[in-house]
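**Student:** Spelled out, the chains give:
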Amino acid sequence: DTAVSQTPKYLVTQMGNDKSIKCEQNLGHDTMYWYKQDSKKFLKIMFSYNNKELIINETVPNRFSPKSPDKAHLNLHINSLELGDSAVYFCASSQPGPSYEQYFGPGTRLTVT
Amino acid sequence: AQSVAQPEDQVNVAEGNPLTVKCTYSVSGNPYLFWYVQYPNRGLQFLLKYITGDNLVKGSYGFEAEFNKSQTSFHLKKPSALVSDSALYFCAVRALSGGYNKLIFGAGTRLAVHP
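Chains as they are written, first to last, in this note's numbering: chain Z, 1 to 113; chain H, 1001 to 1115.
Calculated directly from the structure, the hints in this document are not laboratory data.
All figures in this text were calculated on a predicted structure; none of them were measured in a lab.
You may find that some hints are simply not true.
Calculated lysine-lysine pairs in the DSS-like style (CA-CA distance at most 27 Å, straight line) [said to hold, decoys possible]:
#	chain 1	residue 1	chain 2	residue 2
1	Z	K9	Z	K67
2	Z	K41	Z	K67
3	Z	K19	Z	K44
4	H	K1077	Z	K41
5	Z	K44	Z	K71
6	H	K1049	Z	K36
7	H	K1049	Z	K41
8	Z	K71	H	K1069
9	H	K1049	Z	K44
10	H	K1058	Z	K41
11	Z	K52	Z	K36
12	Z	K40	Z	K19
13	Z	K36	H	K1022
14	H	K1049	Z	K40
15	Z	K71	Z	K22
16	Z	K44	Z	K67
17	Z	K44	H	K1069
18	Z	K36	Z	K71
19	Z	K9	Z	K71
20	Z	K52	Z	K67
21	H	K1049	H	K1077
22	Z	K40	H	K1077
23	H	K1069	H	K1058
24	Z	K40	Z	K71
25	Z	K67	Z	K36
26	Z	K44	H	K1022
27	Z	K44	Z	K9
28	H	K1077	H	K1022
29	Z	K41	H	K1022
30	Z	K9	Z	K22
31	H	K1022	Z	K40
32	H	K1049	H	K1022
33	H	K1058	Z	K9
Please put together the full structure from these sequences, using the hints given.
**Tutor:** Below, the structure is given as structure tokens:
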């Protein structure tokens, strides 16, 4: 009964390739997020969706394209992968509103060679 | 600009001793503050939050945090540390982005509890 799940857990690919990461939550939350955690463990929001609508885009390169087919799913597609894209990507979900905590998935470790 | 600072990269404490992990914040308006813990190769887990009310907030695994408005701090505490508390701890503050809520995280503090 995993709350927020991500696939794959590990992703190793070469520069220039295109890859996708999938996220699903079974908590009934309306809002989902993508975060990037770099090698120094710094965590930064990339995107947020509320009820399938993009509400936050934190000046992420347009090689990154999120898609939310329904409010339980938020996928991240990355085109033309670069070395600097290597990181751990976390999906999270919450109810909308400032007082609600976010629930995080286990992360996807992306390594670009 | 809204921000969070965790001044210590690492905190070392002996098992059984009290621990404190520091966090200070800068926000406009009322602060909504959160603590999360990350164990190795895992996602972040929510520990506790301050929204309003009592300045001492209790959370999971025996952790608590003290909100201090005058010092703009929200330090995480535990009376008696366990080796299993060793992990990376993140403080976060709610910020607005285009009218929508997001979390800004501190850089994280690694807690090492020694037997």
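**Student:** Does each hint hold? Answer for all of them.
**Tutor:** Hints, one by one, checked against the model:
no., hint, in the structure
1, Z:K9 <-> Z:K67, "holds, 19 Å"
2, Z:K41 <-> Z:K67, "holds, 25 Å"
3, Z:K19 <-> Z:K44, "holds, 20 Å"
4, H:K1077 <-> Z:K41, "holds, 22 Å"
5, Z:K44 <-> Z:K71, "holds, 22 Å"
6, H:K1049 <-> Z:K36, "holds, 22 Å"
7, H:K1049 <-> Z:K41, "holds, 21 Å"
8, Z:K71 <-> H:K1069, "violated, 36 Å"
9, H:K1049 <-> Z:K44, "holds, 19 Å"
10, H:K1058 <-> Z:K41, "holds, 26 Å"
11, Z:K52 <-> Z:K36, "holds, 20 Å"
12, Z:K40 <-> Z:K19, "holds, 23 Å"
13, Z:K36 <-> H:K1022, "holds, 23 Å"
14, H:K1049 <-> Z:K40, "holds, 25 Å"
15, Z:K71 <-> Z:K22, "holds, 13 Å"
16, Z:K44 <-> Z:K67, "holds, 19 Å"
17, Z:K44 <-> H:K1069, "holds, 25 Å"
18, Z:K36 <-> Z:K71, "holds, 21 Å"
19, Z:K9 <-> Z:K71, "holds, 21 Å"
20, Z:K52 <-> Z:K67, "holds, 8 Å"
21, H:K1049 <-> H:K1077, "holds, 13 Å"
22, Z:K40 <-> H:K1077, "holds, 24 Å"
23, H:K1069 <-> H:K1058, "holds, 17 Å"
24, Z:K40 <-> Z:K71, "violated, 31 Å"
25, Z:K67 <-> Z:K36, "holds, 16 Å"
26, Z:K44 <-> H:K1022, "holds, 20 Å"
27, Z:K44 <-> Z:K9, "holds, 19 Å"
28, H:K1077 <-> H:K1022, "holds, 9 Å"
29, Z:K41 <-> H:K1022, "holds, 17 Å"
30, Z:K9 <-> Z:K22, "holds, 10 Å"
31, H:K1022 <-> Z:K40, "holds, 19 Å"
32, H:K1049 <-> H:K1022, "holds, 15 Å"
33, H:K1058 <-> Z:K9, "violated, 32 Å"
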